[in-house]
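Engineer: Protein chains in written order, with the UniProt record's numbering: chain H, 1 to 320; chain X, 1 to 320.
Hint data in this document are derived by calculation from the structure and do not stem from the laboratory.
Certain hints may be false.
Said to hold, decoys possible - Listed below are the simulated DSSO-like cross-link pairs for lysine-lysine, each with C-alpha atoms no more than 27 angstroms apart in a straight line: (1) X/Lys246 / X/Lys220; (2) H/Lys309 / X/Lys309; (3) H/Lys246 / H/Lys220; (4) X/Lys11 / X/Lys67; (5) X/Lys67 / X/Lys136; (6) H/Lys35 / X/Lys309; (7) H/Lys136 / H/Lys67; (8) H/Lys67 / H/Lys11; (9) H/Lys11 / X/Lys35; (10) X/Lys11 / H/Lys35; (11) H/Lys309 / X/Lys35.
2 protein chains.
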Amino acid sequence: MNIDMIRAAAKRLEGHARRTPLLSSPFLDEIAGRKLLVKAECLQHTGSFKFRGGWSAVSNLSDNELKTGVIAFSSGNHAQGVALAAREHGAPAVIVMPSNAPEVKIENTRALGAEVVLYDRENESREEIGEALSRKRGLTLIRPFDEPQVIAGQGTCGLEIVADAGVTEADVLVCCGGGGLTGGIALALAAEAPGMTVRPCEPEGFDDVTRSLLSGQREKNDSESGSICDAILTPSPGEITFPILKEHCGPGIVVTEDECLRAMGLAFERLRIVVEPGGAAALAGALFHGNELGHDTVIAVATGGNVDKEVFQRALETLA
Amino acid sequence: MNIDMIRAAAKRLEGHARRTPLLSSPFLDEIAGRKLLVKAECLQHTGSFKFRGGWSAVSNLSDNELKTGVIAFSSGNHAQGVALAAREHGAPAVIVMPSNAPEVKIENTRALGAEVVLYDRENESREEIGEALSRKRGLTLIRPFDEPQVIAGQGTCGLEIVADAGVTEADVLVCCGGGGLTGGIALALAAEAPGMTVRPCEPEGFDDVTRSLLSGQREKNDSESGSICDAILTPSPGEITFPILKEHCGPGIVVTEDECLRAMGLAFERLRIVVEPGGAAALAGALFHGNELGHDTVIAVATGGNVDKEVFQRALETLA
Numbered sequence: 001m002n003i004d005m006i007r008a009a010a011k012r013l014e015g016h017a018r019r020t021p022l023l024s025s026p027f028l029d030e031i032a033g034r035k036l037l038v039k040a041e042c043l044q045h046t047g048s049f050k051f052r053g054g055w056s057a058v059s060n061l062s063d064n065e066l067k068t069g070v071i072a073f074s075s076g077n078h079a080q081g082v083a084l085a086a087r088e089h090g091a092p093a094v095i096v097m098p099s100n101a102p103e104v105k106i107e108n109t110r111a112l113g114a115e116v117v118l119y120d121r122e123n124e125s126r127e128e129i130g131e132a133l134s135r136k137r138g139l140t141l142i143r144p145f146d147e148p149q150v151i152a153g154q155g156t157c158g159l160e161i162v163a164d165a166g167v168t169e170a171d172v173l174v175c176c177g178g179g180g181l182t183g184g185i186a187l188a189l190a191a192e193a194p195g196m197t198v199r200p201c202e203p204e205g206f207d208d209v210t211r212s213l214l215s216g217q218r219e220k221n222d223s224e225s226g227s228i229c230d231a232i233l234t235p236s237p238g239e240i241t242f243p244i245l246k247e248h249c250g251p252g253i254v255v256t257e258d259e260c261l262r263a264m265g266l267a268f269e270r271l272r273i274v275v276e277p278g279g280a281a282a283l284a285g286a287l288f289h290g291n292e293l294g295h296d297t298v299i300a301v302a303t304g305g306n307v308d309k310e311v312f313q314r315a316l317e318t319l320a
Numbered sequence: 001m002n003i004d005m006i007r008a009a010a011k012r013l014e015g016h017a018r019r020t021p022l023l024s025s026p027f028l029d030e031i032a033g034r035k036l037l038v039k040a041e042c043l044q045h046t047g048s049f050k051f052r053g054g055w056s057a058v059s060n061l062s063d064n065e066l067k068t069g070v071i072a073f074s075s076g077n078h079a080q081g082v083a084l085a086a087r088e089h090g091a092p093a094v095i096v097m098p099s100n101a102p103e104v105k106i107e108n109t110r111a112l113g114a115e116v117v118l119y120d121r122e123n124e125s126r127e128e129i130g131e132a133l134s135r136k137r138g139l140t141l142i143r144p145f146d147e148p149q150v151i152a153g154q155g156t157c158g159l160e161i162v163a164d165a166g167v168t169e170a171d172v173l174v175c176c177g178g179g180g181l182t183g184g185i186a187l188a189l190a191a192e193a194p195g196m197t198v199r200p201c202e203p204e205g206f207d208d209v210t211r212s213l214l215s216g217q218r219e220k221n222d223s224e225s226g227s228i229c230d231a232i233l234t235p236s237p238g239e240i241t242f243p244i245l246k247e248h249c250g251p252g253i254v255v256t257e258d259e260c261l262r263a264m265g266l267a268f269e270r271l272r273i274v275v276e277p278g279g280a281a282a283l284a285g286a287l288f289h290g291n292e293l294g295h296d297t298v299i300a301v302a303t304g305g306n307v308d309k310e311v312f313q314r315a316l317e318t319l320a
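Take the sequences, apply the hints, and build the full model.
Structural biologist: This is the structure:
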């Protein structure tokens, strides 16, 4: 993994991925106690940054690989990102999803032309199911984070942050599951804006990356479900991503579910964007964990916006 | 009014107004029956396109005029646009607002440093109150739409549509109150993309522009309140704006409140943006009035996103 792979991915993504805006509000600056910029990846195609990695990986395949098709396992956002990228390349896509993923994500993945295979998150291994199907049907497996071309695609988000932020020093808060986006952005910033520090943000009870950064080795979560932050519930940092995180990231920030819901409410009210709970962890860190930050500017990546209306209503209820 | 004024306004706005993205979703294309692009002006500073006109007008004032200050009358979005533009120019701002405007808009205007004067929408004339205060305190009145520099500022939204749309022929649907944005965009398109036709969109019962375009003269609405589309409830098209609309626009499109709520729900689900009822009229036209359109591409301007959570919850309830 290196910066050249990210720059090459940026070229492949040009004209296909959306260059998402950096939003701000004087009202949010006041709550954060500093300048706050929000990278609105919820406005990316399929509603999350995952389209970047999906496009990066699919666009790197040979014609034969495209013809046979791809397979991905995902809690939802990676699924949609890969499904749309595959469809736009004319490649078949099989997606292995947990049966308890938000219904809107399952439906959307099917509507994007993918074949969806459901599994039980508590008792089955998506890795095993994905790899078995991949072998049986000759499909190219596109891993959600431990995959160099996926990390390279996610890193393009970091290049855009550097180009658009207007500052050279900042805490850059990233909602962190397996570390693909966090690692990709960390590599981009290390090469182009070394005064910016990436800070992984995780929900309480699922803080494997934060604990791993403290202990220096890959720690595991006790569970893989049981949080509204479904998009970022991965068991532990990746084999490829963890060394990147360890080398380049500052300490993790652990936020509560309630802070995520309040951040979603404020994003609705002040930025007029829709953010899902797992996609709001970084914004929650920026708004409510200022004492853990080291710079006058904080940049939070709002990683996704695929949320059921019932959960969004809970976020609205946090508003005065 | 001419295209040069719009181009000059675009220069003054550069680096101050946000260049809002054109969003899309394959799911919305399917409902619309054609390619649908959404200009997300709800992501503009202060949550609506009105910041463009406010900045354009305020940035055109002399140092003396800035020092004395400005006054505006507005149902809310123009108020916030002028308030922020004034604050960023170091100019005092007085805003005359209807007492039944959404509370969030009144609060936001105050929080942006403006002095708010409330009036009764049914029994008092905001024009008279605004003009009296303007005379008494020497404030420069910035009218919400019948003001050349405001129209020029709103027209910059049209220049961006032309630059970013990737097509030369389209119906361009614009939520229409007094016609400042609609007229500004119409002038921009007439000069730069004559194959695009502006179509004003209005809520049922407040279709003064649609009726005026049919009769050829400025028609009035029976009431100035009583719709959730508060942002676009103006009594009649403007003296300056109507001749522009008459020369350049296609027929108006009249949408129901229910269609606006459904469009808000779909914008939440498919574009992950927050749109207010009046700001959703154009999207409602694009999604549900396809038989009134003439091109393979429809562009809808989502003009604003300042909405109370109670009204937004009604929009969420329209989703399956």
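Engineer: Each hint: holds or not?
Structural biologist: Hints and how they fare:
no., hint, verdict
1, X/Lys246 / X/Lys220, "16 angstroms, holds"
2, H/Lys309 / X/Lys309, "13 angstroms, holds"
3, H/Lys246 / H/Lys220, "16 angstroms, holds"
4, X/Lys11 / X/Lys67, "23 angstroms, holds"
5, X/Lys67 / X/Lys136, "16 angstroms, holds"
6, H/Lys35 / X/Lys309, "26 angstroms, holds"
7, H/Lys136 / H/Lys67, "16 angstroms, holds"
8, H/Lys67 / H/Lys11, "23 angstroms, holds"
9, H/Lys11 / X/Lys35, "25 angstroms, holds"
10, X/Lys11 / H/Lys35, "26 angstroms, holds"
11, H/Lys309 / X/Lys35, "26 angstroms, holds"
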